[in-house]
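Q: Work from the hints to combine the two standalone chains into their complex.
As they're listed, the protein sequences go chains A and B.
With the first letter of the first sequence counted as 1, position 161 gets the number 161 in full-length UniProt numbering; the numbers rise by one all the way through.
With the first letter of the second sequence counted as 1, position 28 gets the number 28 in full-length UniProt numbering; the numbers rise by one all the way through.
Relax, there's no trap hidden among the hints.
Here are the simulated DSS-like pairs of lysine-lysine, each with C-alpha atoms no more than 30 Å apart in a straight line:
{"id": "1", "chain 1": "B", "residue 1": "Lys423", "chain 2": "B", "residue 2": "Lys256"}
{"id": "2", "chain 1": "B", "residue 1": "Lys370", "chain 2": "B", "residue 2": "Lys423"}
{"id": "3", "chain 1": "A", "residue 1": "Lys209", "chain 2": "B", "residue 2": "Lys370"}
{"id": "4", "chain 1": "A", "residue 1": "Lys209", "chain 2": "B", "residue 2": "Lys423"}
Derived by calculation from the structure, the hints in this document are not laboratory data.
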Amino acid sequence: MADSSLSRAVRWDTVVGALLVVVLLLSFGFVDGFGNSLNLSFLIGNTLPIALIALPMTLLVVAGEIDLSVASTAGLSGAVMGALWNQGMTIETIIPICLVLGVLCGLVNGLLVTRLGLPSLAVTIGTMAAYRGIAQIVLGSDAVTDFPSQYLDFAAGRIGDTFVPYALLPFLVLLAIAVVALHATPFGRALFAIGASEEAARFAGIRVKRQKLLLFVLTGLLSSLTGIFWALHYASARYDNATGLELSVVAAVLLGGIDFDGGKGTLGGAVAGVFLLGALQNVMSLQDVSAQSQIVVTGVLLVLSVLGPRVARQIAVARAGRRAAAPPPLPKTPAPTS
Amino acid sequence: MTHPSDTGPAPVLALRDVSKSFGAVRALRDVSLELFPGEVHALAGENGAGKSTLIKTLAGVHRPDAGQVLLDGEPVVFHGPGDARDAGIAVIYQEPTLFPDLSIAENIFMGRQPRRALGRIDHKATHSVTADLMRRLGVDLDPDRPARGLSIADQQIVEIAKALSFDARVLIMDEPTAALTGSEVARLFGVVRALREEGAAVLFISHRLEEIFQICRRVTTLRDGAWISSELLDGMTEDDLVRRMVGRDLDELYPKQEVTPGEVALSVRRLTREGVFTDVSFEVRRGEIVGLAGLVGAGRTEVARAVFGVDRWDAGEVEVDGQALVNGAPSTAMAAGLALVPEDRRAQGLVMDMSIERNIGLTGLRTTVKAGLVDRGAERSRSLDWAVRLQVKYARIADAVGTLSGGNQQKVVLAKWLATGPKVLIVDEPTRGIDVGTKAEVHRLLSQLAADGVAVLMISSDLPEVLGMADRVLVMHEGRLTAEIPRAEATEETVMAAATGRAAA
Ligand SMILES: Nc1ncnc2c1ncn2[C@@H]1O[C@H](COP(=O)(O)OP(=O)(O)OP(=O)(O)O)[C@@H](O)[C@H]1O
Ligand SMILES: [Mg+2]
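In isolation and in its complexed conformation, chain B is listed as follows (with noise of 0.2 Å):
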């Protein structure tokens, strides 16, 4: 086994010869990582390569079956993220984990509010403190409002903040990017280069190869579990870097076919819902892929949720293959023939404590059915044949499906959309925490699926997967929609342009 070795100053955390497994996955064996001060180093691998495990070891979360956590060069035991916590590691995990009840200034200082006389808590202070932390970091979020309700993006970035209120010396990013757009990624690296130049050791993982490439000096990557390599970015390219993950040369990431766009298949006119978004109306095309950009917060998952049904419009109307739907019912507008893969994978997409066969056995509740009964035959043959077609990696089928690795865990959420055979098809954040290899899987897929004649709505913060696989590019921009580029003209200053308002619409 060979140790990445660096000269300079002593590192600050450090794993040697870690392994960890959860029954019969070996999650982590032999792996060894050092991270120093003034440094930004990338954890690359694919779905299910052991990344979030190697971070919860390091944070107190795990605790190693064998190998060392060495803290300043010293042999360190965690027995909670507390104790990490106490050593100056600061850890922003992939999944947010707020709570819903409380506001997002008292979600940051859980647990550690400061205090003003008699210990009552100073709220004063948390909100001040937080209201400079959403400052650091760009957004408008009122510090007193609960998180219940927050988008993806938004948990995140309150996750960020979080993890930026100490005075950390380790900073621990687990895909902090994947909700996040152009702008606000931006922002967030500004922060962390300041974080470096105050000598912070940064551990960021992104399935974004190209933020990698802008923040990171040294990358380890993993490979199922198993140590790779540890080295200098400089000279690398993003082919290499792929090499080192999968194992092999990727395909074409946005394996883009030209279709030639049929009949109107979703048509959505003056949709209106009060104080979310105003006047939308476009149509998708059989065929068709259409992209939806936006920064976040424009109102883009809004639609999406009220096209759906899972939540009610208060103007305009909605068709499927000219059928209007019914205002607030998935049910009509999954009989349509329509499909939403939504944002939020664990509170919307699954059931993490059911099965992977059962969660995508759920959507064809009304299909896999003989003589009124469940038809555990097909339903299990349906949801094994779509676990394998996403290369879902799993142990059984019978297994819960939060057991899986996060980007594993996308893939059984569009399986059982795709499951359904939809005419029409929206995703919202598709790729999202979903890997390279994965990610050109995915959009090949829906390529495939637009060359079958199914019409695709594509909302995504990855321009350049918006700018690679869509026809046609709708923007949105505060509720409203301000753009519709087409392929051709489809560029990232064209759509950022229209993103942020600047754009003559």
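Okay, chain A solo, but in the shape it has when bound (with noise of 0.2 Å):
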């Protein structure tokens, strides 16, 4: 991890980790209840959805480009689990259906991106309304709630009397998958390539069309599995769920040091601007925050988050300059022989 540009970001990410650390601790320390397993279980089972999304979309910003469908997507994909179960459908047969839905889904975004060369900001705010709005046509305003005991178990449930979610075993392997495939493997150093300077990556021989729609179906499918999921969670299939999830995940990924911009950031940052996006949410909620003003502190982490690691940046490139006062020798070129 010797690379420059990575070691500044690295530096964010340890500035977000540090930050996670102190809002975990003063919320230990000052906040009534916090700190028991009850509350702790709700923290990481409501910021699990945040998390999920946040894997597929760390790789998307990094290449550049943005989805801002997902949560849409993820309602999508609970309101046709909804209509379907209604249909007297097993959940075995529903989960497949939606989760190819979501892969659809993401196939339409990337496609328009990639196909037509039209901006992912402007594509997927247009599909965000589209997909929301056949949500609404397949579940009207219906609340489907009487999913299979054993899988809301599953969704709500924690392991003994740990404040452990179930649920957060699988999202420490999809964590890992995408750790290995963005920072190991020659697609995740193609994805960096791709974000910092898009022409040199098709010059290298990368195939930037294919790449970027792979993501996109990637992040479809990762936004159904979260609806699924977030119908089991709470019990409840509506087509306005996870509405607004969206600004949540971008806001969490930029503030975890992934640069708009594309090209910079790790997943670890972003992993870490999710929970503690999650840790100050849950907060909030246990002092009677309203969630108007939660939204307006979503909405100033948005901000900050940009801001911050261009800051941190300067300061490094600041600190660099100074250190110049002992410089180590060049490697010369060959020395004069005449």
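A: Here it is, written out as structure tokens:
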């Protein structure tokens, strides 16, 4: 990890990680009801949807793209799940159908971006509205709640008396896969190149469009997985499930030091950002801060998170400049022979 | 420390004992330089010697760590390029810095557009002044077209026009000719001579030594950031100048090995991209170096791009080693053994924010893999190996490639592609911005690659390079191949005749 741009980003990771620890410690110390295992499992359970979608979102933003339709895709999956359940289908058939639906949602985004060359911001604002609209058509204003109990128990339950939700375990597996994919595979390496300079990536033989398409599809898939989790976790499938979740995901990812311009950041930072945001939201809820005010706080964090890494980087550059007092020797060109 | 001295008028712009460091790199140490009105002054030195840094110091981009900038003999501090511009100093930087979405005219008048009543921009005036400048430079560029998509040479011409649009007392040019061919260079020199007659002081950088001798009166040489000499060019030879720059005698600049060509490695048949090039057919055999010459805009780069697959072609076919390439698919071209060193290293050749190591590593993502993961050890040794073989001058292999000097960036692009062990190597301006010493090195490398059985297609605007290195010269004119000239018959005259469409093809 000696890459200079990376090491600067790592510094921001550390900042966010440290911030997370500080917030957790303060909350344990000063916020009533924070430290008990029930609240902690709530915190994690409520943060998992953000965390799940943050995985592919991080990869997308590193590659210089974004997907704002994720929450609507999640809502649509939940709605379809509810509607099919009402039709009497088994949950074992419904879940794969919903996942395929998520893949299709991602595919539409990806094709519009890569084939037509449209900016992903515009495309996914459009599909954000469209997918949510379809969700409403599918389920109307119903709320489906009577899913099989073993599924509800898995999605909402925790391991024994601990604060660890069952659902955290599959997330950790997905996180490990994402970390390896982004930071250790040729695929991930190429994403950084694409985000930093798409043209140079293309000239290096990287299949830019194909990689981006794949990312959008993965994002759709994980969004629908999140939608399924959401409906089971809260035992309620409604068309407006997860509304506004995209704001939290994007805020968390940027807070974690993923550069909005692409090409920079680490998944560790992004996940730290997610849980920092989750912890703050949990504390605000415990303090009876209204939902509206929480959105304001998220918005402010979003702005700060765009600023923060930049400021940190500038400080790092300034410091590197001052450290130049005792220079190590440069590799020299051959000495004069005449 | 000896000071350069000259009798005659007072220097209009000078540096006295200037030093400048970037972190561990001491780019300039105690450098002095004097620019006199009515004189073209050359700045010479190897890649990374500090030439561009010196220029940026004169232009107010960098503030010197020590020493002074003198304007008309008085110490000045430029707080930014704007200050220098207001003092009558026009600068053409090594790397074009145009805004892609603005038109050529808007780029030229960026921030100082002629105004009409109520502060509205006078588009008519900007248009006509720009058209005038283009005419003076003898190029045919529409002032209203956006800068996006201009070739490197055209971008450089716009930069030149921008600098000329000031009534500058001092004109500073950092490798303005690097991507230009003979006739554009001649035009530029005509304009420079006119400015010189009007009393302007000109500072000129070029790695093409013959250009320095053509247009300059004096030369200042830098080596590793240190001032070596300032002297009259009169009576100096190219060898003298090279010795000042590199501190030793240089080997042969065009070390061409005789190789008997093998089978056909690259075969291009009737390739057409509508409106860009038409019916282009040629072959390159193993062991051959084929030169592709032509004026700026003749379509050479476009053919290379289509062959490699970054652009699609409309008709025709391309084969590497008898295997047909897929239209518009660089990854399959790479897999077939094709490599393209593109002309624009900043946009196409390199990811500027990425490290040297990872940039070279980008072409090895399919090969330096273990169990599906990037093999970091193999990646590092592959990158180090090639960086060392091409004598890239860097502090750490993990430094961002954007901190290297222009010539060293070019070497990294070469390293990145040579590391793939290609069967067919297309190089587009392989020595653009590379110093003489390294140029000889690159030529030796190309020659060695050919001797090892690689088929090389070399696009170059540097005619002596084409003549010195190529077994055959293909010439393009307005999107068509107009001549194929064997090495024995290739001369400046025959090639230029075909390039300007004067030859009976
Ligand atoms: N912004 C920067 N940050 C760090 N190092 C730099 C920076 N700019 C220049 N350098 C270093 O300073 C040295 C001199 O660079 P400079 O660009 O002046 O060379 P040059 O003589 O113009 O070379 P070339 O012929 O290749 O253009 C090089 O070692 C380069 O890596
Ligand atoms: Mg330079």
